[in-house]
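K.L.:
So the chains spell out like this:
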Amino acid sequence: MAARRWTSLTLTYLLLIVAFVSFTFPFFLLIVNSFKTNGDILENPFSLPRHWDFSHFGDVIEKMNFLVTFKNTFVISALSVAFILLFSAMAAYYIVRNATRFNKTFFAVLVASMIIPFQSIMIPLIYIYGAKLNWIKTMPMGLLIVLYIGFGSAFSVFIYHGFIKSIPLELEEASLIDGCTRRQTFFKIVLPMLAPTSSTIAILNVLWIWNDYLLPSLVLNDEAHFTMPIKMKVFNGTYMNNWELLIPAILMTVLPILVVYLFGQRYIIKGVMQGAIK
Amino acid sequence: MIAEKSKVKRLGNQLFFTGPTLIAFAIAVLIPFAYGYYLTLMHMTSPVSPLEFSGIDNYKTAFQDKDLWASLWLTVKYVGATIVLVNAIGFILAYLVTSGLRSQNFFRTALFTPNLIGGLVLGYIWQFIFVQSLPMIGEKFGIEALRLGWLGDEHQAFWALVIVTIWQSAGYMMIIFIAGLISVPKDIIEASTIDGANAFQRLTRMTLPLMVPSFVVTIFLTLKNAFMVYDINFSLTGGGPFNSTQMVSMHVVQKAFLETNYGVGQAEAIVLFVIVAVVTGLQVYFSKKMEVEA
Numbered sequence: 001m002a003a004r005r006w007t008s009l010t011l012t013y014l015l016l017i018v019a020f021v022s023f024t025f026p027f028f029l030l031i032v033n034s035f036k037t038n039g040d041i042l043e044n045p046f047s048l049p050r051h052w053d054f055s056h057f058g059d060v061i062e063k064m065n066f067l068v069t070f071k072n073t074f075v076i077s078a079l080s081v082a083f084i085l086l087f088s089a090m091a092a093y094y095i096v097r098n099a100t101r102f103n104k105t106f107f108a109v110l111v112a113s114m115i116i117p118f119q120s121i122m123i124p125l126i127y128i129y130g131a132k133l134n135w136i137k138t139m140p141m142g143l144l145i146v147l148y149i150g151f152g153s154a155f156s157v158f159i160y161h162g163f164i165k166s167i168p169l170e171l172e173e174a175s176l177i178d179g180c181t182r183r184q185t186f187f188k189i190v191l192p193m194l195a196p197t198s199s200t201i202a203i204l205n206v207l208w209i210w211n212d213y214l215l216p217s218l219v220l221n222d223e224a225h226f227t228m229p230i231k232m233k234v235f236n237g238t239y240m241n242n243w244e245l246l247i248p249a250i251l252m253t254v255l256p257i258l259v260v261y262l263f264g265q266r267y268i269i270k271g272v273m274q275g276a277i278k
Numbered sequence: 001m002i003a004e005k006s007k008v009k010r011l012g013n014q015l016f017f018t019g020p021t022l023i024a025f026a027i028a029v030l031i032p033f034a035y036g037y038y039l040t041l042m043h044m045t046s047p048v049s050p051l052e053f054s055g056i057d058n059y060k061t062a063f064q065d066k067d068l069w070a071s072l073w074l075t076v077k078y079v080g081a082t083i084v085l086v087n088a089i090g091f092i093l094a095y096l097v098t099s100g101l102r103s104q105n106f107f108r109t110a111l112f113t114p115n116l117i118g119g120l121v122l123g124y125i126w127q128f129i130f131v132q133s134l135p136m137i138g139e140k141f142g143i144e145a146l147r148l149g150w151l152g153d154e155h156q157a158f159w160a161l162v163i164v165t166i167w168q169s170a171g172y173m174m175i176i177f178i179a180g181l182i183s184v185p186k187d188i189i190e191a192s193t194i195d196g197a198n199a200f201q202r203l204t205r206m207t208l209p210l211m212v213p214s215f216v217v218t219i220f221l222t223l224k225n226a227f228m229v230y231d232i233n234f235s236l237t238g239g240g241p242f243n244s245t246q247m248v249s250m251h252v253v254q255k256a257f258l259e260t261n262y263g264v265g266q267a268e269a270i271v272l273f274v275i276v277a278v279v280t281g282l283q284v285y286f287s288k289k290m291e292v293e294a
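As they're listed, the protein sequences go chains A and B. First residue of the first sequence? That's 1 in full-length UniProt numbering, and the numbers climb one at a time after it. First residue of the second sequence? That's 1 in full-length UniProt numbering, and the numbers climb one at a time after it.
Next comes chain A alone, as it looks inside the complex (with noise of 0.2 Å):
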């Protein structure tokens, strides 16, 4: 019985540190690339760098324009998912509370409209804010976090929905018998209870926003705008196959994400898991 035991365990070792190096090896390539020249890049892609260079750092937060298209992306990520969390909890709460016609079915519709591939809408998104009411042109920053609360909204209050859902009522009647209106109640009692549930649709919702390349680079023309990863594009385009700029380009535009996980990796994995059993 030991030995059997011994064994399982040996080989869910040896077949967990084997998911460990391909799932982390295409990082480590990164990392010991970002220091080397193109010929050493070329000749030798997997070990450890002739001599260290960091000077291709300095390049490519220039010619990327890294701290202002850094700053797009962390102005759009930040706004974006503060107004999907303040605007799905109330839409949820009200839902959930006035269980009305109207807003069962604005649920409904809401939940359906899942299943809908981004595709099928980026023509006419292009054609009312681009062509009809120029808004691209006019306000591109503030449509394009208007366009991902509502994107967002969906996935959001369907978790905040059945989170309140489990909230018992007792507490919000007594809050109203004390006297505080239906907002007060909701911004004092309900809201701060919904913190766990905020940070997990948080977290979903910034990994998906700092990421997304189709809708910024129809909606971001001028190249004051760019996000991370449209700029990343621009910059593979403009430094094709000259692999010293562009893996330390990579790694640069990988590196925020990345630290930010280091950091809170407990709470992500942890959110991530919540949001996926509800």
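Treat each hint with caution, since some may be false.
[Claimed, not checked] With a Cα cut of at most 30 Å, we get these calculated DSS-like pairs of lysine-lysine:
#, chain 1, residue 1, chain 2, residue 2
1, A, K233, B, K77
2, B, K289, A, K165
3, B, K186, B, K66
FYI, nobody ran anything at the bench for these hints, they're computed from the structure.
Given chain A's structure and the hints, the job is docking chain B onto it.
P.N.:
Below, chain B without anything else, positioned relative to chain A:
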């Protein structure tokens, strides 16, 4: 249900609480989605030129578009391959990291990491691997399969896409499966052990049937993601070589924006929507039927 007495107050709260979401959702999804049907009936050569009514011409052209069907068939194959492989590998990983090892949290964290990277950048990373790194290994060790860059051959390029998809999403599915595995009641597993079931029997007779709700979610997600895949397709293979790896989403984008055939592109996008709606609908309906109570 808490209802206000006065109608004015109720309407005020309704607008206050659901208004912002309703407006943003209408702007992003409802209005464009509805308007999209109208656009399929129009001849539209550029986003700014005036629309001309064309009836069902766009649908006719779409149905005669050989490239659309080729890209759809390719997408179906890709959907099939990723559903099987992503879920199988995701489940195996979840099974391994819930077996009670002391380092299981470390492995969970590491295996989830690829999911943090966006599809576009992911494609570029793997381009480096397939174009620069693997041929090096092939050269050094004389492995013929690796020597030629995978992205230059249509069959290998397809599998390259599948591999990258597995690499990206197996960790996410693993997390969902972990949530499912943890919630399998321990007493049932113990009872079956006492009754003499071995590890394999416990897995196939007890655990897997109780995991159906997790599989409903993961299969739905892989199905949906695979049908709509764009970023990886675009940045890894760019549809090449010779359009052989162009999936349906990329085909629609191409049709509309590069060939500036917006009406036909939109009609093809609607065809895509109908297919996704039918397939995911059937999937959820049938797999819900398979769920068992613990």
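K.L.:
Evaluate each hint against the coordinates.
P.N.:
Evaluated hints:
1. A:K233 <-> B:K77: Roughly 28 Å separates the two Cα atoms, so the pair holds.
2. B:K289 <-> A:K165: 25 Å, holds
3. B:K186 <-> B:K66: Violated, because 54 Å separates the two Cα atoms, which is more than 30 Å.
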